[in-house]
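Student: So you can see what is in the structure, the chains are spelled out below.
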Amino acid sequence: MIGGAQGTGVDTSAIVFARAAAFSGLNVFGNREYYSNIKGEHSYFRVRVSKDTIRSHVDTVDMLATFDDETLVRHAPEVRKDGAIIYDPDLESNKLENIATIEPPVRSSLTQELTKNGLGFTLKDIVELARRRGVHIYPLPYLTLLKKVGEKFGETSLSNLNRMVNVMAVAASFALLEYDQDYVNDAVRKQFKSKPKAAEMNVAAVAAGYDFVREKYNGSYGVKLEPPSSKEPRLLLRGNATMGVAKELAGCRLQTYYPITPASDESEYLEAHENIDLYGPAAAENPQLAEAATIANRASITVVQTEDEIAAITMAIGGGLAGTRSATSTSGPGFSLMAEGLGWAGMNEVPVVVTLYQRAGPSTGLPTRHEQGDLRFALHAGHGEFPRIILASGDHEETFYDTIRAFNYAEKYQTPVIHIIDKAMANSDATMPMFDLNRVKIDRGETLKGPLGAPNGGEFERFKLTPSGVSPRPPVGTKGVLYWNTGDEHDALGHISEDPTLRTMMMEKRMSKLDLADKEIPLSEKVNFFGPKNADITLLSWGSTKGAILDAMDWLSQDGIKVNFLQIRLIHPFPTEHVKDLLSQSKKIIDVEMNYSGQLGGIVQERTLIPMDQHIVKYNGRPISSEELYEAVKQIAKGNAPKRLVLTHGA
Amino acid sequence: MALKLTDLKTEAHNDWCPGCGDFGILNAVQMALAEMNVDPSNTVMVSGIGCSGKIPHFVKTYGVHTLHGRSLPFATGIKLSNPNLEVICAGGDGDGMGIGAGHFVNSARRNVDMAYIIHDNGVYGLTKGQASPTLPLGTKTKSLPLPNINQGINPIFLALAAGFTFVARGYAYDVRHLKDLIKRAVLHKGFALVDVLQPCPTYNDVATKEYWAGEGNLGPDGKPKPRTYKMEESGYDPVVHTGGDAEVADKIHQAVQKSFELGDHTPIGVFYQNEHIPTYEERLNQRMPTYRSNPPAKQEIATADGTPIANVSKLLEEMRV
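Protein chains in written order, with the numbering used here: chain X, 94 to 744; chain Y, 1006 to 1326.
Hints listed in this document are in silico derivations from the structure and should not be mistaken for laboratory results.
One or more hints might be untrue.
[Said to hold, decoys possible] Sample of chain Y residues at the chain X side, in silico, Cβ under 8 Å:
| hint | residue |
| --- | --- |
| 1 | H1108 |
| 2 | I1158 |
| 3 | V1245 |
| 4 | R1325 |
[Said to hold, decoys possible] Simulated restraints on C-beta separations:
| hint | chain 1 | residue 1 | chain 2 | residue 2 | range |
| --- | --- | --- | --- | --- | --- |
| 5 | X | F623 | Y | R1288 | 48 to 54 Å |
| 6 | Y | V1244 | X | E490 | 53 to 59 Å |
| 7 | X | K324 | Y | G1311 | 47 to 53 Å |
| 8 | X | T597 | Y | V1244 | 51 to 57 Å |
| 9 | Y | G1311 | X | A432 | 29 to 35 Å |
| 10 | X | E699 | Y | G1311 | 41 to 47 Å |
| 11 | X | D304 | Y | D1250 | 36 to 42 Å |
| 12 | Y | H1281 | X | G247 | 30 to 36 Å |
| 13 | Y | H1281 | X | A193 | 49 to 55 Å |
| 14 | Y | R1288 | X | K736 | 54 to 60 Å |
[As the list claims (entries may be wrong)] Covered stretches of chain Y (in silico footprint by chain X; criterion: 3 or more residues with CB under 8 Å from a CB of chain X, positions within the stretch not fixed):
| hint | region |
| --- | --- |
| 15 | 1059–1069 |
| 16 | 1303–1313 |
Glycine residues also receive a C-beta, built at the ideal position from the N, C-alpha and C atoms.
Throw the hints in and build the complete structure from the sequences for me.
Tutor: Encoded structure:
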């Protein structure tokens, strides 16, 4: 774990740490916690590394790298016995009472603990408290070391030197783990590739950190981080950027957004990569690709920052009307404003994708923290009834493929698609297998290409009643035809009609597309099922809890507890029959969700009439860890847990 | 083949009240489009909600009747997707300056190349005559229980402040003049506003057709003197010719002054026009050189067998470890 005040490079150090580990072939999972604040409040990053697959964070800290006082105060108690703390000895005399950003409850419990141990209230005492618990303590005199680095580069500005404390903390951590320094240098150079001078100075800071640790603490920690014997090429993914790449590949060419945490990073990524290269390496062999090459040699995605989320959704719908694969990304408060637009898209059968990054609500809630509280809202947002498709991805890899599906579904079923992910995924980094681009297919359904003839004086029955419910769709602006759109009930041409018979038929046409989607979408895209068919416990969940659940299941099976896991990915139309089949064989169903009321559990019960036996819920704004989930399931297996178990871990 | 006025009429039943100013606006729109000989399937009329919102159903181009106050972002999405389309928005004063005021202001900041016609009648007609944003303070139209408690917005002043690059006002019953304004607005390079004084014979019994024709406003000759006059007839020049800062400031200044001439001597015509401000499409094309030649709606995204043609290998390479 590495922490510091916001704006001091915590994120940089985390990504350098994660890359340095991943470069040698290790697997990495990291997640970031931060306040709704620009500068000064505490943020931290947890990174786990392993030769095996890892998919979640844990609560126990093996190694805590700090360069400020607050991180030490907050997180020292989380470091396990035999773990390690790196800290700046220059801060030893700092007093607990002078750290303004520590909340009173944290301060008072720490004060009590220090008093009980006969200690004072300085950082030195906090370090001493950890030492007494059996934690290895490693002072790292940052400024002294950095001044020496600065001398070599003619850099004397203290504020410039201080910018390298984060990289030095990373270097010292790896040095204690006796990890190959070259990987760290590579990671630093990649991070600073646009600033060669800064890169070399930071590489020198890495060397200084390594040299100091080798000289003073050589081999004392006793834990070695060794790379795996073979290395597969993989991707180190962050949620926001993964979504961005997937959207470009999917053919999304208009993205609208209003700034909101944690969604805007995706739009900024798209804007930074708005010019799109065309044609994969296969173009040379594939004549169809070569043919496409004559149409245009470059593409672009238009990213518009709008005045509000109402404009964001309606502008994206405008794009959808005109035949552009269009999307908007937002979080709960923004999605609240989109409800009316969503209904218009449903009524006018416009393909549009809403990427919903959940964060902790209600209202402003905890704007930078995690929750899965918007499932019911996504399902019901908007007045009246219209079809919508809702997908929920469980990790970065699923996010990638689901994004492409979201656009396909939107066009095939000509209706809004809500793709739900969350803050935990948006801000986590994980190593994942290389994407198999051959699995990616684009299906535009019954989108027609112009120019078209004029069968009826140019007027086209855009909303023609068809057996499937889907009507052929020439985008607005297709030459040779004309039609209308309206949020009022309408006839086949799109003109307003209040005819009761037509109304009934049009409602049935629109809603029947859900039946079609239910029939056509393969089961493999609707649910994931992990673990043995017969188990004592079935975990039911959705979204980013997937990682913690899978990691916890490994430990539970080592304890002889037989657990399987049903992950719902297609929330709507709900795969009722299949879920019913699976759950009717379960002995005990535990609903695991990051919200107060167990929203998915409620939906499952509503659909299948199968009640949940237990709930494990968490709504303190911090993602679920595999450790706390493991403990909770064990407690339930022993039979001494309340029906609703509330998890509370996290800083 | 030249487009005839009848080619632009639809079969949809028109349920506006007899004598509604909307008919004048509809006729002016159809005449303008016919004179410009537009391709109807390359033209989109986008509207909001209210009586004015129904206008696309009566014009034989593509029509998109959207949500209350939201015609501008819908239209922006359409236009940015396919900048070759001719996009014309229409909405009421409540639609544009009440519920949609945020879009009114911010669309002007973008300066997308579209025209926007405001049916400005001072009342919410379809909900039976409540006061709307342009109704002056203290005015009591017939279905208001008490006089209007809010100040009225000056749409011309607001449009100038927001950054519209074409600002005009027309009168619904001076159809030929209005037609010319609409043509100029459509041809203008940038976001163009035509605010149309539009009598509502059912609910606005103050600013009526007779009022605008001069009822109770006798001239020196003892005859009713119309309350509108055409700025261009007095030699007013709204156009920014060279685009220099001083010239722009002067032109905006004179337009603001004109915007406060109200009541018995209300100017109609073009207040301000500046084509030296780049459109949003031009700004996009600066950053994305293929935006205009290969706009979003026209881009191929896959081969016939569904293989995506975007090459994301450079992006993935960045993430490779």
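Student: Which of the listed hints are broken here?
Tutor: 2, 3, 7, 10, 11 and 12
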